[in-house]
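Peer 1: Using UniProt numbering, the letters of the sequence shown correspond one by one to residues 1 to 121.
No wet-lab data here; the hints were simulated from the structure. Treat the hints loosely; a few may be bogus.
In silico DSS-like cross-links for lysine-lysine, where the CA-CA straight-line distance does not exceed 27 angstroms [to be verified]: (1) Lys6 to Lys34; (2) Lys29 to Lys12; (3) Lys12 to Lys34.
FRET-style restraints, in silico, Cβ to Cβ [stated by the list, open to error]: (4) Thr49 to Tyr117: 24 to 34 angstroms; (5) Asp68 to Ser8: 36 to 46 angstroms; (6) Glu76 to Asn25: 37 to 47 angstroms; (7) Glu60 to Tyr117: 28 to 38 angstroms; (8) Asn86 to Arg14: 28 to 38 angstroms; (9) Lys90 to Thr111: 34 to 44 angstroms; (10) Leu40 to Arg83: 35 to 45 angstroms; (11) Pro44 to Asn86: 45 to 55 angstroms; (12) Pro110 to Thr69: 41 to 51 angstroms; (13) Arg14 to Ile72: 49 to 59 angstroms; (14) Gln24 to Ile72: 22 to 32 angstroms; (15) Gln24 to Lys90: 14 to 24 angstroms; (16) Arg83 to Glu9: 52 to 62 angstroms; (17) Asp57 to Lys6: 17 to 27 angstroms.
Fair warning: this is a prediction, and the values are worked out from it, not measured in the lab. For glycine and all other residues, C-beta sits at the position ideal for the given N, C-alpha and C.
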Amino acid sequence: MAAPRKYSEELKERATRMALDARQNPATKTGAIKRIADQLDIHPEALRTWVRQAEIDAGEAPGTTTADTQNIADLEREVRELRRANEILKTASAFLRRGARPQAEVTGVPTAVLVDYIDEH
């Protein structure tokens, strides 16, 4: 399988605009995506995907907009971070609940270093 090609944002926007314009005109509608993809040396399925996403973003077709997709990804990342922080707090709570207190004499590590480690993680 061939590696995916990276297209510039400018090329994506230009090709999408050309395809949308061509699809508006009944005389050029048939085969517009394939024809424009061939002209710009773009894979037709890539252009078809860009056009479909542009229609979704414009509210002309049902689907998840680019902004919503980004928002979902950001929220999922935040949930992962919060779950990780929660696990760290649970571990620290269980450690401290046993009455154990980190002491430099026992652990060999200065308390400030332990506190910094907990803050970082």
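Peer 1: Now tell me, hint by hint, if it's right for this structure.
Peer 2: Each hint, compared with the structure:
{"no.": "1", "hint": "Lys6 to Lys34", "verdict": "holds (19 angstroms)"}
{"no.": "2", "hint": "Lys29 to Lys12", "verdict": "holds (19 angstroms)"}
{"no.": "3", "hint": "Lys12 to Lys34", "verdict": "holds (15 angstroms)"}
{"no.": "4", "hint": "Thr49 to Tyr117: 24 to 34 angstroms", "verdict": "violated (45 angstroms)"}
{"no.": "5", "hint": "Asp68 to Ser8: 36 to 46 angstroms", "verdict": "violated (24 angstroms)"}
{"no.": "6", "hint": "Glu76 to Asn25: 37 to 47 angstroms", "verdict": "holds (41 angstroms)"}
{"no.": "7", "hint": "Glu60 to Tyr117: 28 to 38 angstroms", "verdict": "violated (53 angstroms)"}
{"no.": "8", "hint": "Asn86 to Arg14: 28 to 38 angstroms", "verdict": "violated (46 angstroms)"}
{"no.": "9", "hint": "Lys90 to Thr111: 34 to 44 angstroms", "verdict": "violated (21 angstroms)"}
{"no.": "10", "hint": "Leu40 to Arg83: 35 to 45 angstroms", "verdict": "holds (44 angstroms)"}
{"no.": "11", "hint": "Pro44 to Asn86: 45 to 55 angstroms", "verdict": "holds (47 angstroms)"}
{"no.": "12", "hint": "Pro110 to Thr69: 41 to 51 angstroms", "verdict": "holds (46 angstroms)"}
{"no.": "13", "hint": "Arg14 to Ile72: 49 to 59 angstroms", "verdict": "violated (28 angstroms)"}
{"no.": "14", "hint": "Gln24 to Ile72: 22 to 32 angstroms", "verdict": "holds (31 angstroms)"}
{"no.": "15", "hint": "Gln24 to Lys90: 14 to 24 angstroms", "verdict": "violated (58 angstroms)"}
{"no.": "16", "hint": "Arg83 to Glu9: 52 to 62 angstroms", "verdict": "violated (33 angstroms)"}
{"no.": "17", "hint": "Asp57 to Lys6: 17 to 27 angstroms", "verdict": "holds (21 angstroms)"}
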